[in-house]
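Protein chains: 4
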Amino acid sequence: MVVSLSDLNGMALPAFEAVVGPTFELAPWVAAAAHAKGPFATVTALHAAMMEAVRAAPHETQLGFVRNHPDLAGKAARAGDITVESRHEQASAGLDALSDEEFRLFHSLNDAYKAKFGFPFIICVRRHTRDSILRQFERRLKHEQDVEFTTALQEIFYITRLRLADAVIGDGMPKVTGRLSTHVLDTHVGRPAAGMGVELYELAGDGAYRIARTVTNADGRTDAPLIAGKPLPIGRYELRFAVGDHYRNRAVEGGDPPFLDIVPLRFSIAEPEGHYHVPLLCTPWSYSTYRGS
Amino acid sequence: MVVSLSDLNGMALPAFEAVVGPTFELAPWVAAAAHAKGPFATVTALHAAMMEAVRAAPHETQLGFVRNHPDLAGKAARAGDITVESRHEQASAGLDALSDEEFRLFHSLNDAYKAKFGFPFIICVRRHTRDSILRQFERRLKHEQDVEFTTALQEIFYITRLRLADAVIGDGMPKVTGRLSTHVLDTHVGRPAAGMGVELYELAGDGAYRIARTVTNADGRTDAPLIAGKPLPIGRYELRFAVGDHYRNRAVEGGDPPFLDIVPLRFSIAEPEGHYHVPLLCTPWSYSTYRGS
Amino acid sequence: MVVSLSDLNGMALPAFEAVVGPTFELAPWVAAAAHAKGPFATVTALHAAMMEAVRAAPHETQLGFVRNHPDLAGKAARAGDITVESRHEQASAGLDALSDEEFRLFHSLNDAYKAKFGFPFIICVRRHTRDSILRQFERRLKHEQDVEFTTALQEIFYITRLRLADAVIGDGMPKVTGRLSTHVLDTHVGRPAAGMGVELYELAGDGAYRIARTVTNADGRTDAPLIAGKPLPIGRYELRFAVGDHYRNRAVEGGDPPFLDIVPLRFSIAEPEGHYHVPLLCTPWSYSTYRGS
Amino acid sequence: MVVSLSDLNGMALPAFEAVVGPTFELAPWVAAAAHAKGPFATVTALHAAMMEAVRAAPHETQLGFVRNHPDLAGKAARAGDITVESRHEQASAGLDALSDEEFRLFHSLNDAYKAKFGFPFIICVRRHTRDSILRQFERRLKHEQDVEFTTALQEIFYITRLRLADAVIGDGMPKVTGRLSTHVLDTHVGRPAAGMGVELYELAGDGAYRIARTVTNADGRTDAPLIAGKPLPIGRYELRFAVGDHYRNRAVEGGDPPFLDIVPLRFSIAEPEGHYHVPLLCTPWSYSTYRGS
Numbered sequence: 001m002v003v004s005l006s007d008l009n010g011m012a013l014p015a016f017e018a019v020v021g022p023t024f025e026l027a028p029w030v031a032a033a034a035h036a037k038g039p040f041a042t043v044t045a046l047h048a049a050m051m052e053a054v055r056a057a058p059h060e061t062q063l064g065f066v067r068n069h070p071d072l073a074g075k076a077a078r079a080g081d082i083t084v085e086s087r088h089e090q091a092s093a094g095l096d097a098l099s100d101e102e103f104r105l106f107h108s109l110n111d112a113y114k115a116k117f118g119f120p121f122i123i124c125v126r127r128h129t130r131d132s133i134l135r136q137f138e139r140r141l142k143h144e145q146d147v148e149f150t151t152a153l154q155e156i157f158y159i160t161r162l163r164l165a166d167a168v169i170g171d172g173m174p175k176v177t178g179r180l181s182t183h184v185l186d187t188h189v190g191r192p193a194a195g196m197g198v199e200l201y202e203l204a205g206d207g208a209y210r211i212a213r214t215v216t217n218a219d220g221r222t223d224a225p226l227i228a229g230k231p232l233p234i235g236r237y238e239l240r241f242a243v244g245d246h247y248r249n250r251a252v253e254g255g256d257p258p259f260l261d262i263v264p265l266r267f268s269i270a271e272p273e274g275h276y277h278v279p280l281l282c283t284p285w286s287y288s289t290y291r292g293s
Numbered sequence: 001m002v003v004s005l006s007d008l009n010g011m012a013l014p015a016f017e018a019v020v021g022p023t024f025e026l027a028p029w030v031a032a033a034a035h036a037k038g039p040f041a042t043v044t045a046l047h048a049a050m051m052e053a054v055r056a057a058p059h060e061t062q063l064g065f066v067r068n069h070p071d072l073a074g075k076a077a078r079a080g081d082i083t084v085e086s087r088h089e090q091a092s093a094g095l096d097a098l099s100d101e102e103f104r105l106f107h108s109l110n111d112a113y114k115a116k117f118g119f120p121f122i123i124c125v126r127r128h129t130r131d132s133i134l135r136q137f138e139r140r141l142k143h144e145q146d147v148e149f150t151t152a153l154q155e156i157f158y159i160t161r162l163r164l165a166d167a168v169i170g171d172g173m174p175k176v177t178g179r180l181s182t183h184v185l186d187t188h189v190g191r192p193a194a195g196m197g198v199e200l201y202e203l204a205g206d207g208a209y210r211i212a213r214t215v216t217n218a219d220g221r222t223d224a225p226l227i228a229g230k231p232l233p234i235g236r237y238e239l240r241f242a243v244g245d246h247y248r249n250r251a252v253e254g255g256d257p258p259f260l261d262i263v264p265l266r267f268s269i270a271e272p273e274g275h276y277h278v279p280l281l282c283t284p285w286s287y288s289t290y291r292g293s
Numbered sequence: 001m002v003v004s005l006s007d008l009n010g011m012a013l014p015a016f017e018a019v020v021g022p023t024f025e026l027a028p029w030v031a032a033a034a035h036a037k038g039p040f041a042t043v044t045a046l047h048a049a050m051m052e053a054v055r056a057a058p059h060e061t062q063l064g065f066v067r068n069h070p071d072l073a074g075k076a077a078r079a080g081d082i083t084v085e086s087r088h089e090q091a092s093a094g095l096d097a098l099s100d101e102e103f104r105l106f107h108s109l110n111d112a113y114k115a116k117f118g119f120p121f122i123i124c125v126r127r128h129t130r131d132s133i134l135r136q137f138e139r140r141l142k143h144e145q146d147v148e149f150t151t152a153l154q155e156i157f158y159i160t161r162l163r164l165a166d167a168v169i170g171d172g173m174p175k176v177t178g179r180l181s182t183h184v185l186d187t188h189v190g191r192p193a194a195g196m197g198v199e200l201y202e203l204a205g206d207g208a209y210r211i212a213r214t215v216t217n218a219d220g221r222t223d224a225p226l227i228a229g230k231p232l233p234i235g236r237y238e239l240r241f242a243v244g245d246h247y248r249n250r251a252v253e254g255g256d257p258p259f260l261d262i263v264p265l266r267f268s269i270a271e272p273e274g275h276y277h278v279p280l281l282c283t284p285w286s287y288s289t290y291r292g293s
Numbered sequence: 001m002v003v004s005l006s007d008l009n010g011m012a013l014p015a016f017e018a019v020v021g022p023t024f025e026l027a028p029w030v031a032a033a034a035h036a037k038g039p040f041a042t043v044t045a046l047h048a049a050m051m052e053a054v055r056a057a058p059h060e061t062q063l064g065f066v067r068n069h070p071d072l073a074g075k076a077a078r079a080g081d082i083t084v085e086s087r088h089e090q091a092s093a094g095l096d097a098l099s100d101e102e103f104r105l106f107h108s109l110n111d112a113y114k115a116k117f118g119f120p121f122i123i124c125v126r127r128h129t130r131d132s133i134l135r136q137f138e139r140r141l142k143h144e145q146d147v148e149f150t151t152a153l154q155e156i157f158y159i160t161r162l163r164l165a166d167a168v169i170g171d172g173m174p175k176v177t178g179r180l181s182t183h184v185l186d187t188h189v190g191r192p193a194a195g196m197g198v199e200l201y202e203l204a205g206d207g208a209y210r211i212a213r214t215v216t217n218a219d220g221r222t223d224a225p226l227i228a229g230k231p232l233p234i235g236r237y238e239l240r241f242a243v244g245d246h247y248r249n250r251a252v253e254g255g256d257p258p259f260l261d262i263v264p265l266r267f268s269i270a271e272p273e274g275h276y277h278v279p280l281l282c283t284p285w286s287y288s289t290y291r292g293s
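Chains as they are written, first to last, in UniProt numbering: chain Z, 1 to 293; chain F, 1 to 293; chain U, 1 to 293; chain A, 1 to 293.
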């Protein structure tokens, strides 16, 4: 149930808490502290007030708050004792489809993490691929205690920013979405390449999982961005273009088998809220790509 | 045992036949016919004379000659009743390492082929990857009888040209080798990329088999060509460049994870005796490739 | 004075003629013939009706109509006895600023043309640079009489299409404008190049005349297209980018003097109603361009 | 008259001085000091000994030595009272073909320079274009006295290194030559572009002076480097490629007029002893270049 910022600004504490409380999981005091600072001119300002409430809390309160977060891929995720928002987010990186071996790996990393830091591993899974979560686990396990505590809070702020953007609509929305787009230019004829098959894969370990499949339109673009309307999960990707078919259909000589058939462009996304434009310029004998805009 | 063309030109028939006879498998009459046309100014002329002997023979003789060739991947390859030259060549495309399923597929294609045409499937395996052999099987099964008979003879001529180039040294050697090379230019600094890891994979089905692993030298090239001194097997390949490590080692900002890490260039080779130069021009944010020279 | 198509559709002949008559210079019968075919659903349909009136006229009428057109760069242009529309159009390609020598050349070509064909040289000057007009003169002087007569009519149709688009507003406007744009991507840092100086030159003979001067914005584009809202004059152009200054301002090493300083992109426009996107991808050591979209 | 290093090593002082004396203009003491340090294993070591003799001299001696150098573009160049080596070198940058205005500019810069520093402006003209000499004049006029004195000595060392490399042949020759080359790859067909016209211009002020004109060979290269066997003069250059003709001759559609006709690549040379490879990759609709190797 989405609420407008102006309606929210007019609410008494109980109603306010019902809306924004679930944002900061199991910590109703955050909503209460924020309510005292309203009304808010922007949704971003509301989120800033909620973050400020966490930052201003005594360390013991912060620690309790962090400890209250569910284990990623852990027992809590199975037992159903987490908020609906948590459940939804964990699905997006494929953590709900772990193999037994992966499940054990995640679990064991999580145990090592909790043993070292005394709180569960928290990460905004909507901003990461499965691969990236594993990398972050390994990297953050090496942190000092205070660095990691700050990192955990930052991840909570990413999570809550997304939740708030889902829950409240109004002026000054925080930037929580990114965009991945492509464009194919056929420099053999100096025109956009229309009707070329394009696939997007998320790379995980040695595997590649197709997450989009489309065809270029008359302008050489895809009708919709490859990813949009949500954070771009940090991770490795591969675009695959059916360049060989494109020229075969136009009876352009390119060798038998053609010098270029499926052209893969492999790249990583590091900024979930950024715009990644990854175009292809091609002839039957050459191609180039770049991070565009 | 390699013989010089001038020595060969001076030989009586029995010695001559001992040298060039195995070239045209189980067909001593080809060597005899060629001997009558000597001496030869070039090795290419010697091979032309041997091909002419085959072309001039009555169809029944030609057919018997073709039928005498061993089954590819078939019983003959297991039983050891083929010439040493055949055995060596079949190994080069990995046909000696077929899985049981692949073995059955090849065998069944071979049976269908023999049933349709009345002679075994002949292909110069040193000029093809395993993938390409399968493609040729499927394509040639659709041929008319006379087209396919000509194709089979042409493949025998490819095979014998290679054998002759192995057996005789002299003027006018036939062109039987190709070359695959690369070059990495770091256009971020306008210099060759030195010390960059490069791997070459042969693609087969959905798999990729690494066939070379090297590092660029100070000129951005590899010390030796990636493939040289033999035909380039027709097929699909992928070069992989460690672009991410290159820039990480030079502390050049490229994102975390880096926008470009392993850069794959996927291409096909169609001319076994050609020169394929497949360079990479890169920055941390862009790359291009082309069939060069 | 611009009139709407619906108003025009409701007009009696005299008012109708006052609006669209000047479109087909000194030939009121064209407007009259078109009026009889109205009302028109689109401005394009109105123009088609006017062209049809010309095509349906007896050859002698057509010839008189063509002969009534003013001499390009000739006496008529000086004496002021042409319509206001003609005068305006001839200015746009710089024909009003010819040197004495150029004036004589144009005049002599025009005389040769009239001597051969019996009517003045007609060209839609808004669709051509000065250079292109000269080229067309030379090319069309070699035409056969009937081919050239058709060409002259076609040019009149280009002229009148532009005039009609200026005079009448409504549904289904004819496409009479093109667009030239650019974009600079700095692949050294994987971002648009902001604040880079860009100049556009029209090339004429051995000279270059600057027709635009601007700076890229934060997205690497120019705030306005380099040419828009009118036909792109057919001819040769050069874009010049201040790449050296861009990297000097960012303290990026590029040599002394820098390997790339002013980067010129020289290209021609052949389709006045087309979209030409001519981007630059650059590092201090490399650049590329292409006809984009 | 070229002498071998081994012959030179065996010479008594008078003969030795006759060979290498003119290298350090009007300073026979340099040759004498070097002779005492012989024999030399390499020509580079000989030059190092001569430079060392200059560096070890008292400042007054150095100053006298520097002052003895002829005025660039000044009276000495007209009166014939300089060594043959000086005369030859000044010709190479076109200083012997100055217009009256340019002559006055050079003369006035030279006067300002002498007034400030007390010695003539010395520059190794074989390492600079006319444009670059003017730039150096302006830049060096701003130097502090001691910085400029060191710069003047460095220029003398460049001059003498070139003279020595002309006068003595032997092991360990100093690197005094550079190379400028190009290569055209037609990525429309994936092959080198053969028979394409290429011109090289030296840019000076707003003008362009053609210094080479050639045609690509079957490998897309020029039979000889564009510049080789001498230092590459520091300065601005433009390569021009007849891309339009190339595709017109092959009946490849590229627009009328063609989108690309003459393609200019404008670049600077900063390292006279370096290798500049400036290739062109092109289709009728795109091109790219880079500093290659």
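Hints are supplied without guarantee of correctness; some may be wrong.
Remember, identical chains collapse to one label, so a pair may be satisfied in a single copy or spanning two.
[What the hints assert, rightly or not] Each computed EDC-like pair below joins lysine to aspartate or glutamate, with the alpha-carbon atoms no more than 20 Å apart:
(1) Lys230 with Asp219
(2) Lys114 with Glu102
(3) Lys230 with Glu138
(4) Lys116 with Glu148
(5) Lys175 with Asp219
(6) Lys114 with Glu148
(7) Lys142 with Asp256
None of these hints come from the bench; they were simulated from the model.
The hints, checked one at a time:
1. Lys230 with Asp219: neither (25 Å within a copy, 22 Å between copies)
2. Lys114 with Glu102: Result: close within a single copy only, 18 Å intra versus 49 Å inter.
3. Lys230 with Glu138: neither (26 Å within a copy, 46 Å between copies)
4. Lys116 with Glu148: within (10 Å within a copy, 63 Å between copies)
5. Lys175 with Asp219: Classified as between; 18 Å across copies, 28 Å inside a copy.
6. Lys114 with Glu148: Classified as within: same-chain Cα gap 12 Å, cross-chain 67 Å, threshold 20 Å.
7. Lys142 with Asp256: Classified as between: cross-chain Cα gap 17 Å, same-chain 52 Å, threshold 20 Å.
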